[in-house]
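Protein chains in written order, with the numbering used here: chain A, 1 to 180; chain B, 1001 to 1366; chain C, 2001 to 2312; chain D, 3001 to 3152.
Watch out, some of these pointers could steer you wrong.
Claimed, not checked - Think about it this way: if two alpha-carbon atoms lie no more than 25 Å apart in a straight line, the pair counts; the simulated PhoX-like pairs of lysine-lysine are:
{"hint": "1", "chain 1": "D", "residue 1": "LYS3020", "chain 2": "B", "residue 2": "LYS1182"}
{"hint": "2", "chain 1": "A", "residue 1": "LYS28", "chain 2": "A", "residue 2": "LYS103"}
{"hint": "3", "chain 1": "A", "residue 1": "LYS67", "chain 2": "A", "residue 2": "LYS110"}
{"hint": "4", "chain 1": "D", "residue 1": "LYS3138", "chain 2": "D", "residue 2": "LYS3089"}
{"hint": "5", "chain 1": "D", "residue 1": "LYS3029", "chain 2": "B", "residue 2": "LYS1171"}
{"hint": "6", "chain 1": "C", "residue 1": "LYS2291", "chain 2": "B", "residue 2": "LYS1201"}
Stated by the list, open to error - Just a few of them, taken from the derived set where beta-carbon distance is under 7 Å, the chain C residues facing chain B:
{"hint": "7", "residue": "ILE2035"}
{"hint": "8", "residue": "GLU2059"}
{"hint": "9", "residue": "SER2127"}
{"hint": "10", "residue": "ARG2197"}
{"hint": "11", "residue": "THR2207"}
{"hint": "12", "residue": "GLY2275"}
{"hint": "13", "residue": "LEU2277"}
{"hint": "14", "residue": "PRO2278"}
{"hint": "15", "residue": "ARG2279"}
{"hint": "16", "residue": "TYR2280"}
{"hint": "17", "residue": "ALA2302"}
Quick caveat, the hints were computed from the structure, so don't treat them as lab data. Since the structure is predicted, the reported quantities are computational estimates derived from the model, not experimental observations. Just so it is clear, CB atoms sit at the ideal spot from N, CA and C, and this is done for glycine as well.
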Amino acid sequence: MDEEKRAVESEFAEGDHSLWEDNPIVKKLREIFPEAIISISGLQPYPDELTIKVKKEQIVKVCQFLKDDPHLAFNYLSDLCGVDYPEREERFEIVYHLYSITKRHRLRLKVSVKDGEPLPSVIGVWQTANWHEREAYDLLGIPFEGHPDLRRILLPEDWEGHPLRKEYPLMGYNSDTKPD
Amino acid sequence: MVLETKELLLNMGPQHPSTHGVLRLLLYLEGETIVNSDPIIGYLHRGIEKLAEAKTYTQFIPITDRLDYIAAFPNNLAYVQTVEKLMSLEVPLRAQYIRVILTELNRIASHLVWLGTHAMDIGAITVFLYCFREREIILDLFEMVSGARMTVNFFRFGGVAADLPAEFYPKVKEFLDTFPAKIADYEALLTQNRIWLARTKNVAVISAEDGINWGLSGPNLRGSGIKWDIRKANPYAVYNKLDFEIPTGQMGDVYDRYMVRMEEMRQSTRIVHQALAQMPDGEIKGKVPKIIKPPAGEAYSCIESPKGELGFYIVSDGSEKPYRVKIRAPSFVNLEALPLMLKGGLIADVIAAIGSIDIVLGEVDR
Amino acid sequence: MVLVKIIIILGVILLVVAYLTYLERKVIAHLQVRIGPMRVGWHGLLQPIADGLKLLVKEDIIPEKADKWVFILSPIICLVPAFVVYAVIPFSQHFYLANINIGILYIISISALGVYGIVLAGWSSNSKYALLGGFRSAAQMISYEIFLGFSIIGPLMLAGSLNTLKIVEAQSGVWFIIYQPLAFALYLIAGIAETNRIPFDLPEAETELVAGFHTEYSGMKFAFFFLAEYANMMVVSSMAVILFLGGWKGPFLPGIVWFAIKVGAFLFLFIWLRGTLPRYRYDQLMRIGWKIMFPLCLLNIALTGIIYYLFL
Amino acid sequence: MKLSDLAKKIFLIDIAKGLKTTLKHLFRKPITIQYPKERWTPYQRFRGLHALKTEKNESGEKDLCIACGLCARSCPSDVIEIVTSGKGKERKLEQYKIDLSRCIYCGFCVEVCPQNALEMTDFYELAGYCREELIADKVYLTTKHLPKKYKK
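Sequences and hints are given; from them, build the entire structure.
Next up, the structure:
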């Protein structure tokens, strides 16, 4: 198991930067936010798989820029979700899938946070983030700072735990049924 | 004397005839006017995303059928396509065409359910039965192809489970030939009817700007005038070889969304016609390893499902089971904008609005 | 003799109302390429009886927080006027219960009482849906009652009497529908609204208010509302026949048969409309009533008066 | 507004159009299937109740199943339970159970079977009075899957 975990760690950590450096989106971001970008990766040869990891303090600024810049015009937040990597120090990775309806290109933004560490909300940039962030809070327990209405969305208010965390058993804590 | 007035809190659902499943709406009313509303979801939450982490990649295909359960083929397609992207699998052309034919038929079936239930909510009970009559024919076709009417589980990584049976072609041709006349029947009952117009025009309006900001997709956003359809914008499968139009509305009201979907049914008929004519012979499944083990990495892929942008984000750790599956369900996002549409409307507008955004709770709650 | 007549009329009406539900289910089914009830009896002919029995033995629930006596009384308040009205309706030249001079006025005033039952039912249920249904009903009935009254003034002016028999006799030559097409259309719309049928079935509006004023009712009390609705439908149809279509008059067949055919045609129209049209919204219904129908009624009365004065 | 539009509005043409459409359907043949009197025959590929195939040889009926367990492993809802005896070539199927109440009828078990020993029939009336009744064992799957005529 440990071996597998380590393999996961190294695979996930960094992609191949060099292939993406020519991308206009990357160039632009490097220019404006030179210190906000942590890493660049993405599945080749798909241009819509460009993934940029940014610092969490900068996320709202970066998002606002991506939305407002006329050449990038990421006016549409497709999806926002969290992924749990319990073995990492910053265990949650929040993934933003951006799309531009006018330019028809995609971008994936990522930030990492520690357990319980608040992350600034992007509702100010895209209203649609509201429910997505509530869902991430509900299923993974990621608190979003500046969210106007952060409460559980899919599960009842009195639910214990956050089911999408890896340590959460498949059948739930209080189930008498044996897991598969 | 000053009388104290209070808002009336009306709890609509989760058991209500026209919330399309188990949606619960809290309505804050001033008389019958809606001051505020709060959709409460989760009554159908089955933890599908958690379940995915415990199943192998293949085992998850039938579970995607149960997301948007009235349009199972698009769900299959979106999931299968994402894993194919992750594994860089080639899909034979014939399989691509079969996928397109079936998803487009499913789009018609899904829109028929929407039209029937939407019209019934507004009081026109007969349209419902007419729509279901045609939908039955499509479901028969699905049963013929896949063995099940709704939970089809038909697409596989790298292709489809089986070729189309020979009896499929005459039946689908017959359906395609008779269907335009049926659409004319629905339109005779609704499109120009003064009551229908009164109930749908200028009701639950959402502007294009708000629509984008709130993440609307599919016919809901097109009703507001945004000409954005993933089939055209970022073509997948063989959509770039097919000729079809993207209908749009202007106002972004219930009526425009209705007109967009009606036209989409006609366009889907066109697409199926073309796809049947163009379909080449050949393999229906590409070269696929016996054990599905995508390399570590992540991929997001989306399709234009009948409800809007249906995307799968899959993180793989190189094992047989996905590390994380996130489903970008269009209904979930579309429902979010409902309070915006309802504000200032009447109770009767609530059901018109819910019907017009065409949500399926299986997909909202996952 | 009168008692026998009352029993006959009441019995027939109850039976017809019961079978009207059957007819409605069958006709709507066939409009929708279905077949409707088939299992109880030949082609489901015993279905209304089975339904009646079911409702009779069903548990009668009174909500805990309901105003108990009002809750029990309101279905009766609703049902009784619907049946009492039949006293002055002439089914044929000789078959009627009472011949009073103010027949039409009697029908209108008695049938207006039914609304109290609905409002009280909505209020006493102590449920928000029922309450909204009751409110809607009160507003709708009051406004539509008014132009229902106004729309029939035209034929009454022509007949010169409020007596139902005299009105029918006045149509010996030409039916009033020829002289009064506008009044007929207005009356029909008002009548549909009065009986809470699609497209004006807002007090019930099952997709909006679950079941409106009778959400909390079950068993026989529910059946009373149901019967009242169908009985009212027949009253409205009978009145239309008396006022515009020459009552029992017609060649060859006996009067009562003609009367039945004409009423039946109206009932079919009611059902047909239900199978076709969507439902209006509450505010639109009110707007149509006050802003379109009411002025048209006044116009009709004025026109009738002028023409009557000038040419007759 | 044009005069013709106005006329259309006054004479309720739009509503008349709708009424015409429904009236047209009044005289059409209904599409109802009077189940259970009339029955729907499923298509060839229909995924109904499972059946274990057997083959006849000199020593009587023999299971085609070799108890490899692929079906149980491929099942998304984990409803197949196989009991075997013997090892290697001697391995024999002792018991085969499917929990029909949890089965999702996806057909993966049939798809992976290397011997084509498992198939899905067109039998779809799967109801029982208790959960235990819905656990189909080997006997049930080899014999009782044959479509029965519905009895009143």
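Report the numbers of all earlier hints that the structure fails to satisfy, in ascending order.
7, 8, 9, 10, 17
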